[in-house]
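2 protein chains.
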Amino acid sequence: MIRLTWSKSLQFEAEDDHHHRIIVDTDKGFGGLDQGFRPMDLLLVALTGCMAMDIVAILQKKGGKIDSFAMEAAGTRAETHPRKYNKIKVRIICKGAYRREDLLRSFELSRDKYCSVTATLSSKPDLEFVVE
Amino acid sequence: MIRLTWSKSLQFEAEDDHHHRIIVDTDKGFGGLDQGFRPMDLLLVALTGCMAMDIVAILQKKGGKIDSFAMEAAGTRAETHPRKYNKIKVRIICKGAYRREDLLRSFELSRDKYCSVTATLSSKPDLEFVVE
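Which chain is which? The protein sequence lines are A and B, in order.
Quick note, the first sequence lines up with residues 37 to 168 if you use our numbering.
Quick note, the second sequence lines up with residues 37 to 168 if you use our numbering.
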């Protein structure tokens with residue numbers, strides 16, 4: 037479970053079950069204080085973080101030696117409300133001593149079999165709300 | 037755009053275009069260091085953060101005085117890989133001097149009209165990958 041608590045302006049603090057905390061914020065022009073990630077960027081962090089863990093873990097199991105690994109993600113948003121992401125482009129940049137086919141296979145296994153965030157984004161989860 | 041960079045073990049650091057940074061990590065049992073949010077929890081933070089900004093902003097515009105505001109979210113995951121969220125339950129807890137109907141209307145406007153994360157989760161965005 038996560039709990040998000042209003043701090044001030046449009047800034048919030050999120051806490052998980054393991055006592056980690058992050059600030060969620062938005063542009064000053066939208067009433068925020070610009071001191072933390074925006075929610076739509078966090079969606080991209082969730083996506084890349086999930087895939088990155090799969091890819092690094094699988095590639096290493098295949099014997100790959102990774103010197104550096106990064107992912108970049110950017111979304112194209114609809115112009116009208118609710119300005120959802122129509123498309124998300126993801127780049128995977130891996131440097132080290134590994135076989136190209138092993139990196140591609142690790143990526144495919146994440147995308148098609150293991151990544152929980154990718155699968156959730158591709159499946160319209162039920163959302164249930166309670167307003168107290 | 038966001039950029040996620042591998043740190044060590046299965047721990048990563050994410051950075052947005054505004055120089056904010058957060059640690060993304062996972063359980064020690066899965067090879068992480070347990071020093072930051074897990075990706076699937078970040079998905080819940082993105083969802084609640086986006087809706088929270090809408091609801092607080094709209095309710096205040098309607099003249100509501102908010103003393104405290106929080107949202108909680110928990111997902112029910114599939115038992116088999118890729119263990120996606122089948123359902124996400126969200127609680128909204130608002131205290132202050134406001135009309136109940138204004139809170140409900142603010143929530144509905146977020147859910148149905150303004151929240152970019154809710155809309156993205158409900159629409160299967162295209163995912164495009166480049167492996168360098």
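Among the hints, erroneous ones may be present.
Repeated chains share a single entry, so a pair holds when one copy, or any two copies, can fit it.
As the list claims (entries may be wrong) - Within a straight-line C-alpha distance of at most 25 Å, the following computed DSS-like cross-link-like pairs (lysine-lysine) qualify:
#1 Lys98 / Lys131
#2 Lys131 / Lys44
#3 Lys44 / Lys149
#4 Lys101 / Lys149
#5 Lys97 / Lys123
#6 Lys64 / Lys120
#7 Lys97 / Lys64
#8 Lys64 / Lys149
#9 Lys149 / Lys123
#10 Lys160 / Lys123
#11 Lys120 / Lys101
#12 Lys160 / Lys149
#13 Lys120 / Lys131
These aren't lab readings, by the way, just hints derived from the structure by calculation.
Checking against the hints above, which ones are violated?
Result: hints 5, 11, 13 break, sorted rising.
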